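All chains should be built: construct the whole structure from the sequences, respecting the hints.
My numbering applies: residue 2 is where the sequence shown begins, and numbers increase by one.
These aren't lab readings, by the way, just hints derived from the structure by calculation. Be careful, since some hints might not be right.
Listed below are the simulated DSS-like cross-link pairs for lysine-lysine, each with C-alpha atoms no more than 27 Å apart in a straight line [as the list claims (entries may be wrong)]:
| no. | residue 1 | residue 2 |
| --- | --- | --- |
| 1 | K217 | K123 |
| 2 | K260 | K118 |
| 3 | K68 | K410 |
| 4 | K409 | K396 |
| 5 | K147 | K118 |
| 6 | K68 | K396 |
| 7 | K118 | K90 |
| 8 | K396 | K410 |
| 9 | K282 | K363 |
| 10 | K374 | K282 |
| 11 | K310 | K267 |
| 12 | K363 | K374 |
| 13 | K172 | K123 |
| 14 | K90 | K68 |
| 15 | K310 | K118 |
| 16 | K217 | K118 |
| 17 | K217 | K49 |
| 18 | K172 | K217 |
| 19 | K123 | K147 |
| 20 | K185 | K172 |
| 21 | K172 | K260 |
| 22 | K90 | K147 |
| 23 | K267 | K172 |
| 24 | K260 | K123 |
| 25 | K118 | K49 |
| 26 | K217 | K147 |
| 27 | K267 | K396 |
| 28 | K172 | K310 |
| 29 | K409 | K363 |
Have a look at the derived ranges for each label pair, beta carbon to beta carbon [stated by the list, open to error]:
| no. | residue 1 | residue 2 | range |
| --- | --- | --- | --- |
| 30 | A263 | D75 | 33 to 41 Å |
| 31 | Y113 | R204 | 24 to 32 Å |
| 32 | N306 | E420 | 49 to 57 Å |
| 33 | E222 | N47 | 56 to 64 Å |
| 34 | H71 | E201 | 13 to 21 Å |
| 35 | G211 | K282 | 41 to 49 Å |
| 36 | L57 | E132 | 38 to 46 Å |
| 37 | E285 | G311 | 32 to 40 Å |
| 38 | A319 | V79 | 35 to 43 Å |
Predicted, not measured: the structure shown is a model, and the values here were computed from it. Note that CB positions come from ideal geometry on N, CA and C, so glycine has one too.
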Amino acid sequence: MAGKRDVIDDLIDIQNDWKAVKNPFGGIADSLAADPDSQNLYDPSNYKERPRVNSLFCLDVASGDLKACHRCLDVCPVNAITITKNGVKLADNCRKCGLCSPACPTEVFVAYNVTPKSLYDKISEVASEYEQCYVTCTRALGRIPKDNEVLLPCVGAVSKETWFALLAEYKNISVYLPLGICDKCRTTTGERAFSEAIAEGERLSHGAMGLEVSEKDLTHEQTREFKRGQFMSSVVRAGATAVSSTNPMVAGAAAIANKVQAHSDKMIELQNSLERAVGAKTSERDRRILMQGRKIMLTTIQAHNGLAKGFADLEVPACDPTLCTACGDCVEACTVHACDLDHEGHFSVEPAYCVNCGVCAKVCPEGALTMQKCDTADLVVRDEEAERRKRAAEKQRARIEKTKAEGKKQLNKVLDGLERLADE
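Next comes the structure, spelled out in structure tokens:
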């Protein structure tokens, strides 16, 4: 909720009005003087990207079972994906809709503009700067997006993990889709994909996604905090440098960039903590891989521990040692190396790395693995080093408080002595 207006808000309004008075025809003159051939024209293809395919992470390819996982095949609207034992191929009829990227639990399909981290950063930047952030698709908008409009090939390109992280932090994100816009779209599986992802993101975060269906209802106002940051920077640094004096937006932009960087730093800290806690490699020295979507999800859980309870329905493999023959098929199938068989044939799984795909249980020839509910406590990654520093800081504070108390006690004794001398 916006704070009560004060003199700074009034000064910001005066500054904006003064700029308009100084150059009342600036926008019109720029439009008339612009070269029509140099104008940016709306091209939907500029917002679409053919994904790169990394077959090494494909569960079907790794397990040799072409029916082990079929999420990408189910979501592709034009059947452009083919999976064989030799790898994954993408046909020329790919619509570049981005739906395969969030559907794949091991992130086989990589399109930079719709990776979980790229989307999180892009949407969080807009949500931090503007009163409202709109996520929409090329077909719904049909024009060059404004600064607070995030334009995607399809809203279904955002994963449930990304929605969870965003909705846990921001209350001003909406989807803009005019009524009936999905009905005639050739990306026929998009509406189901984004409906399910958003619903799951809302459930896990206890947040709510806004919905706008009319373009006339869209607003483009920057947040009060952002505008105040701009103004105060222009006042404090006026004339200090050419950049700060001519572009006060540097302060607001820098604050948002710092916020995004802080989130990236937390993701790195999370992975480091996880590796310290459980080890970075398996018994066979395979490096465990923390998928980007998983990393974003876990980072949000660390910041909001109470939200971990919402993931109680996630399933991880449990092993019946009386049936296990230590054949290693489960380990071969797990491309993120969450599953492990030690040198004595004991099976284990690291829940934080596990993407809950269930393929290890499917390929187990003896049926020794079954998928069971995840203990949500396993998703809260303990950082023992940070806890040690915190305990040390608490001890230091306690020592300081004790020293202050003893000093105060001694001072009171001296003052009491002086009073007695004065009375005598």
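These are the hints, each one checked on the structure:
no.: 1; hint: K217 x K123; in the structure: holds (24 Å)
no.: 2; hint: K260 x K118; in the structure: holds (14 Å)
no.: 3; hint: K68 x K410; in the structure: violated (76 Å)
no.: 4; hint: K409 x K396; in the structure: holds (20 Å)
no.: 5; hint: K147 x K118; in the structure: holds (22 Å)
no.: 6; hint: K68 x K396; in the structure: violated (56 Å)
no.: 7; hint: K118 x K90; in the structure: holds (24 Å)
no.: 8; hint: K396 x K410; in the structure: holds (21 Å)
no.: 9; hint: K282 x K363; in the structure: holds (24 Å)
no.: 10; hint: K374 x K282; in the structure: holds (24 Å)
no.: 11; hint: K310 x K267; in the structure: holds (21 Å)
no.: 12; hint: K363 x K374; in the structure: holds (16 Å)
no.: 13; hint: K172 x K123; in the structure: holds (16 Å)
no.: 14; hint: K90 x K68; in the structure: holds (16 Å)
no.: 15; hint: K310 x K118; in the structure: holds (23 Å)
no.: 16; hint: K217 x K118; in the structure: violated (31 Å)
no.: 17; hint: K217 x K49; in the structure: holds (26 Å)
no.: 18; hint: K172 x K217; in the structure: holds (21 Å)
no.: 19; hint: K123 x K147; in the structure: holds (13 Å)
no.: 20; hint: K185 x K172; in the structure: violated (30 Å)
no.: 21; hint: K172 x K260; in the structure: holds (16 Å)
no.: 22; hint: K90 x K147; in the structure: violated (36 Å)
no.: 23; hint: K267 x K172; in the structure: holds (21 Å)
no.: 24; hint: K260 x K123; in the structure: holds (12 Å)
no.: 25; hint: K118 x K49; in the structure: holds (17 Å)
no.: 26; hint: K217 x K147; in the structure: holds (14 Å)
no.: 27; hint: K267 x K396; in the structure: holds (25 Å)
no.: 28; hint: K172 x K310; in the structure: holds (21 Å)
no.: 29; hint: K409 x K363; in the structure: violated (69 Å)
no.: 30; hint: A263 x D75: 33 to 41 Å; in the structure: holds (37 Å)
no.: 31; hint: Y113 x R204: 24 to 32 Å; in the structure: holds (29 Å)
no.: 32; hint: N306 x E420: 49 to 57 Å; in the structure: holds (53 Å)
no.: 33; hint: E222 x N47: 56 to 64 Å; in the structure: violated (26 Å)
no.: 34; hint: H71 x E201: 13 to 21 Å; in the structure: holds (19 Å)
no.: 35; hint: G211 x K282: 41 to 49 Å; in the structure: holds (44 Å)
no.: 36; hint: L57 x E132: 38 to 46 Å; in the structure: holds (44 Å)
no.: 37; hint: E285 x G311: 32 to 40 Å; in the structure: holds (34 Å)
no.: 38; hint: A319 x V79: 35 to 43 Å; in the structure: holds (39 Å)
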